[in-house]
Structures are given as C-alpha cells and as structure tokens.
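J.: Listed in order, the protein sequences are those of chains Y and L. Count the first sequence with the numbering used here and you get residues 4 to 230, in order. Count the second sequence with the numbering used here and you get residues 894 to 1265, in order.
To be clear, the hints were calculated from the coordinates, so they are not data collected in a lab. Just so we're clear, the structure is a prediction, and the values are computed from it rather than from any experiment. A hint or two may mislead.
What the hints assert, rightly or not - To give an idea of the chain Y side of the interface with chain L (calculated C-beta under 7 Å), a few residues:
| id | residue |
| --- | --- |
| 1 | F59 |
| 2 | L116 |
| 3 | Q117 |
| 4 | M157 |
| 5 | G174 |
| 6 | L177 |
What the hints assert, rightly or not - Have a look at the derived ranges for each label pair, beta carbon to beta carbon:
| id | chain 1 | residue 1 | chain 2 | residue 2 | range |
| --- | --- | --- | --- | --- | --- |
| 7 | Y | G174 | L | G1030 | 50 to 56 Å |
| 8 | L | R1242 | Y | R89 | 27 to 33 Å |
| 9 | L | S1238 | Y | L227 | 24 to 30 Å |
| 10 | Y | Q51 | L | T1127 | 37 to 43 Å |
| 11 | Y | V72 | L | K1021 | 48 to 54 Å |
| 12 | L | T1127 | Y | W93 | 42 to 48 Å |
| 13 | Y | A103 | L | S1238 | 52 to 58 Å |
| 14 | Y | L78 | L | K1245 | 22 to 28 Å |
| 15 | Y | V22 | L | T1177 | 53 to 59 Å |
| 16 | Y | W25 | L | L1110 | 54 to 60 Å |
To be verified - Take a look, some chain L residues computed to stay more than 12 Å from chain Y by CB distance:
| id | residue |
| --- | --- |
| 17 | D903 |
| 18 | T986 |
| 19 | A991 |
| 20 | K1004 |
| 21 | T1068 |
| 22 | N1165 |
| 23 | S1178 |
| 24 | H1185 |
| 25 | S1207 |
Beta carbons are placed, not taken as given, at the ideal position from N, Cα and C, and that holds for glycine.
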Amino acid sequence: MSSRHTYRRLYVWEMPVRVYHWLNALSICVLGVTGFLIGKPFTVSLAQEASGQYWFGTVRFLHFTAGYVFLFNMLVRTYWGFVGNRFAAWDKFIPMTRKAWQDIVEVLRIDILQTRGTGRIPLGHNRLAGLIYFVTFLIFMFQGLTGFALYGPMSHSVLGKLAAWVVPLMGGELVVRQWHHAMLWFYVLFTVVHVYLVFYHDYVEGRGTTSSMVGGWKFEREDLLED
Amino acid sequence: MPGARHSLWDVMRDKGYSRRDFMQFCTFAATAAGLGTQATAAVAKAFEKKDRPPVLWLHFQECTCCSESFIRASHPLVADVLLDAISLDYQETLQAAAGHAAEKCKNDVMKNYAGKYILLVEGSVPTKENGVFCVIGGRTAEDLLQEAAKGAAAIVAWGNCASYGCVQAAKPNPTGATGIQKLVGKPVINVPGCPPIADVMVAIVTHILLFGRLPELDAQGRPKEFYGRRVHDTCYRRPYYDAGLFVESFDDDGARKGYCLYKMGCRGPVTNNACAVTKFNGGTSYPIQSGHGCLGCSEKGFWDNGPFYRHLPSFPGFGIESTADSVGLALGAGAAVGVAAHAVSTNIRKRKLIHDQVAEAVQDTPVSEKVD
C-alpha cells in the first residue's frame, strides 16, 4: 500500500482519431434527433401560408447532410485504422486471439462485478470496448446503406444508386425504413452506456480517460508499461 | 383462332374501325410506350405490317380486380382495340367460349404459336399440399402455369397476387401462395398493384405488341417507366410534407385542408407506383386525393406491414401494438436504470479506492512526449 507509483503521460489518440470521434458524435446527435422527427413529426402551424413554410424539409435536409458527414468521416477513420498509430489500428477492434477474449472477460469482470482487476487495462481501447466499437462500425455501415438506399430514389446521388440493391434484398422500402428507424435506438443505448463507462473508468482508474479524447494523452503507471 | 393471323390494322378494319380511330390508337400507343407523338407514323406502320401475337390470360388465386381495372382503361378506344384486336384467345372471365371449346382454343395457341404468344397471369399460385387450393379443369394452377409459360414469348404478372402473392400470401399464408416469378424461371414483367392502374396495364401490353420485347425493368421486375418513382415524391400533397403540415386525425382541420397523410400511415413514401401521375378511372382520382393514405398495394408483403394507419409498422416479435420506438424506449430506460444502479455501487467502492490511494500518493513526473 505504501509503494509510490510513477505515472507517465502518453500520447494515445492522434488528431484524426479525435476529430473523427467528435465529428461522429455531432453527426450522430443531429442524425438521431432529425431521424426521430422524420419518423414522428409534429405539425407546426404558423400564422402563414403553407408555401412560406419549410421546417420539415429543413429537418430532412439536416438529416441528409449529417448523413454525408457521418459516412465520409467513417471512411476516413477506416483509412486511419491502417495508417494510424497502434492504438488506432484496425486489429484493436476484432478479437482474434485467445488472449483478446480473456481480456474481454477481464473487462466484463471489472465493469459488471466491479472487481479490482488482475492485470493492466490496455492503454488504448480495452478489448471489450474495441469489440463493441466494431459492432457499432457494422451498424454504422448498415445505417449508411439503408439510409442511402432510402435517399437514392429522390436524388441524383451516386451513393444512393450504389445502395439501391438494399431495398429488394430487404423486401421493400417499408422494411428498410423500419430497420433504419429501429437502429436509432441502438445509438441511444450505445450513448448511454458509452458515456457512462468512460466516466466510470476515469472515476475508478484516474488515468484521464475522459480528457484523452480532447488532448490525446492518457496516463499509465510506469511499472505497468510494456515498452 | 388458329390459322392465318393478321395485323392489328387488318383486324380493326374488319371490325369497322375507321383509319382515324386506328391513328388515334397509334398515337396513344406511341405515347404510352414513351416515344412521343412524332413516332406515331412508325407505330402505325408497325401495326399495319406486324402480325398480332396471340394472348393467353390465365386466372388463379385472385379477385378479378385486375381484369376489372383493365377493361376500364381511360381511353375506351384503347380498351376496345386491345380486347378486340390483341386476339385475347383465352380469358376465362371475358371469353365467349366455355368448357372444351375454350380449352381447345388455348391448347391450339400453345401448340401452333409456341414461342410467340404473350402470357398474362392474374392471381397467385398455391404451392402447399401439391396445389390443391386452386384447381381449374382438374389441373392445379402451377401445372397450368408451367405448361403455358414454357412457350410464352413474354410473361406478365398482373397485380400484387401474380407478382408477390398479395393477401393470400399474408402471414400465415395457409395455401403457400406465391407470385409466379419464382416458379417459371423466365423473365416476368411484374405489374403490382391491387389492382394495377388500367392505363399502366394497357401501356405495358402496347409496349410488348409494339416492340416485341419487354420494357426496361427494375430489380424487382417492374417496368421502370411506371414504378420508377415513389407515390410520395410525385404526390400533389408533397408540399405540405415539406412544410411540416400533417393530418393528425381523419376529422381534423388538416384533413379538411388536404394536408399530408404521412402521420396517418400513408405508405406513399415507401411505395413505387404511378398513382399520383396517372391516377385511376381515367385520371379522376387516387387514394390520397380522396383523403385516405396509400396502403402500399404495389409493394411486396404490404398486408403484413400493418397497422395501416400508423407511420411505422409493428415491430416483429413484440406484439401488434409495439413499435420500434416503444421497444427502444423500454431498452433505453433499462440501460438508464442499470447505469444508475452501477453508479451507486461504484460510489460505495470509490470510498475504499480513495482510502487506498492516500497511502499510494501519486508522484508528479515530467511530461513524456513519447508518441505511441
């Protein structure tokens, strides 16, 4: 109990990763709110002619614009997964080794059973977070495909045409719309759990998890550093 | 009608149509086929010279609304000409012949014009229990379909039944009803709708007669010409949608003013059809114009996408009144409760952590700029 630990500050999240994160958060917020409104709009009766009013058109415009930002942001991040530092690398998201799965169990024990943990928690994404982010990438892709499939018929967008095959595959536009809408709730759940867990890990570990996405630095005990 | 076949013009002349009637028909045909009026001369030439292909029209599991729609094409001349002159050799509802005479007529066409006749199919085909749910003249629908499809030059599936199975194929689909596309293994022109728009049906038959080949089809086998756009995107109420003015109930002020029916479950945004452009009954109206949302009758499985009067259908597996939103909200509330409980227990734990940490004493060290 009386040992003195030295902490080192390490640059973990590079600028593109941080920009991706906040741009992604922003576009998801815009997409979520406008998307919910598109699914459940309310009538805005202003004291003017219908021709002078365009609020729902604006909501949809914001949704589509945010959709483009979201998509290209994701593509840039995917690229960065191959050229960025080791914390940003694509293989951090897919548990392919036995060790990775053991780490996932370990994190589950820390998060749910609230045990102290036996080994060190990786400096970058922990293995469970990595896996969940991988699932979110798949759902991002699903939302992108279904979104542009629905957007395609009313635009000249090449992306819409590229996603047109989704509609017959899923059995009609209503089904596509239904699932595109249902997945909105995945983001809600993800946001609740993600934000909470970031705070939780910062709260009990004190390694600067929360601020790391702003400045990029994290802290690690020197005796636990591998290299 | 075995024996020598004649061109459309020959037949029309024999029936007493004037040259003017014929040219009117050709103008309509050129327009319907998307050629424009300047192509009328070429169309007239084709209909003067080309032999009319014989047409077989089969009925299976259906309500005959497609036939009813067809005979109400907006241009009476067109309907007359098509019914008189396309040589509809077999149409159970409309043919004069009955029994063996009718069957003989059909068999003659299939034998003498193999590879040349046009097959129009109305109704779905049951596949369960060896197809006993639809038997005509002692033979199952599938048997009759396969026989007729073998030698057909073109096959058209009329309506949602022949395209996707319609109401017969709604869950639990007791007869195993299915559209004909997957049974015949040949390109099929799907003309879904319940019923399809009469003028669209006529235009498609005209297209085949005129060009002798299928119109351009989309991924679901529907002619792009008529199913390339959503009802919503061509709807005259669309400006109210963009303005955010919606009907909230069928007797409110918005309904009276003709606001958008989006919130009343209108399926216009997810339905591809020409209703808002062509309309029904000679351009009189279409469902949305008469104040009722679109049911999506030209979409696959529209009967199972209920309730009709709600924007999003029920969420599969969670009961008929559940929406994705109610399921999502329950999950979101669950997550929030879980997180709150976790936060409480974390705070209890944190007391011990702070206690341990005091003894540990973190030492401040120079900043490391080491990347990675």
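J.: Now tell me, hint by hint, if it's right for this structure.
T.: Now the hints, each set against the structure:
For F59(Y), the interface hint holds, the least distance from its beta-carbon to any beta-carbon of chain L being 4 Å, beneath 7 Å. A hinted interface residue such as L116(Y) counts as satisfied when its beta carbon comes closer than 7 Å to some beta carbon of chain L; here the least separation is about 10 Å, so the hint is violated. Interface hint at Q117(Y): satisfied, since its Cβ lies 6 Å from the closest Cβ of chain L, which is below the 7 Å cut-off. Interface restraint check: M157(Y) against chain L, minimum CB-CB distance 5 Å, threshold 7 Å, status holds.
Interface restraint check for G174(Y): the shortest CB-CB distance to chain L comes to about 6 Å, inside 7 Å, so the restraint holds. The beta carbon of L177(Y) comes within 4 Å of a beta carbon in chain L, closer than 7 Å, and the hint placing it at the interface holds. The beta-carbon spacing between G174(Y) and G1030(L), approximately 35 Å, falls outside the hinted interval of 50 to 56 Å. For the pair R1242(L) and R89(Y), the supplied restraint of 27 to 33 Å holds, since their beta-carbon distance comes to about 31 Å.
The hint said 24 to 30 Å for the Cβ distance between S1238(L) and L227(Y), and at roughly 25 Å that hint holds. For the hinted restraint 37 to 43 Å between Q51(Y) and T1127(L), the CB-CB distance of approximately 26 Å leaves it violated. V72(Y) and K1021(L) have their C-beta atoms about 50 Å apart, which keeps the hinted 48 to 54 Å range intact. Look at T1127(L) against W93(Y): about 44 Å separates their beta carbons, and that is inside 42 to 48 Å.
For A103(Y) and S1238(L), the hinted distance range of 52 to 58 Å is not satisfied, since their beta carbons lie about 27 Å from each other. Under the hint 22 to 28 Å, the C-beta atoms of L78(Y) and K1245(L), about 45 Å apart, miss the expected range. Between V22(Y) and T1177(L) the beta carbon distance is about 57 Å. The supplied range of 53 to 59 Å therefore holds. Range check, W25(Y) to L1110(L): Cβ separation about 45 Å, and the 54 to 60 Å hint is violated.
No Cβ of chain Y comes within 12 Å of the Cβ of D903(L); the nearest lies about 42 Å off, and the non-interface call holds. In this structure T986(L) is separated from chain Y by more than 12 Å, as the shortest Cβ-Cβ distance comes to about 30 Å. For A991(L), the non-interface assignment is confirmed: its Cβ lies about 40 Å from the closest Cβ of chain Y, beyond the 12 Å cut-off. Interface exclusion of K1004(L) from chain Y stands, the closest Cβ pair being 37 Å apart, more than 12 Å.
Non-interface status of T1068(L) relative to chain Y is upheld: no Cβ of that chain comes within 12 Å, the nearest being about 20 Å off. The non-interface label for N1165(L) is inconsistent with chain Y: the shortest C-beta to C-beta separation is roughly 8 Å, within 12 Å. With a least beta-carbon separation of about 21 Å from chain Y, S1178(L) lies farther than 12 Å from that chain, consistent with its non-interface assignment. Every Cβ of chain Y is farther than 12 Å from the Cβ of H1185(L); the closest lies at roughly 17 Å, confirming the non-interface assignment.
Under the 12 Å C-beta cut-off, the non-interface status given to S1207(L) relative to chain Y is violated; the minimum distance is some 9 Å.
Hints 2, 7, 10, 13, 14, 16, 22, 25 from the list above are not met by this structure, while the remaining hints are.
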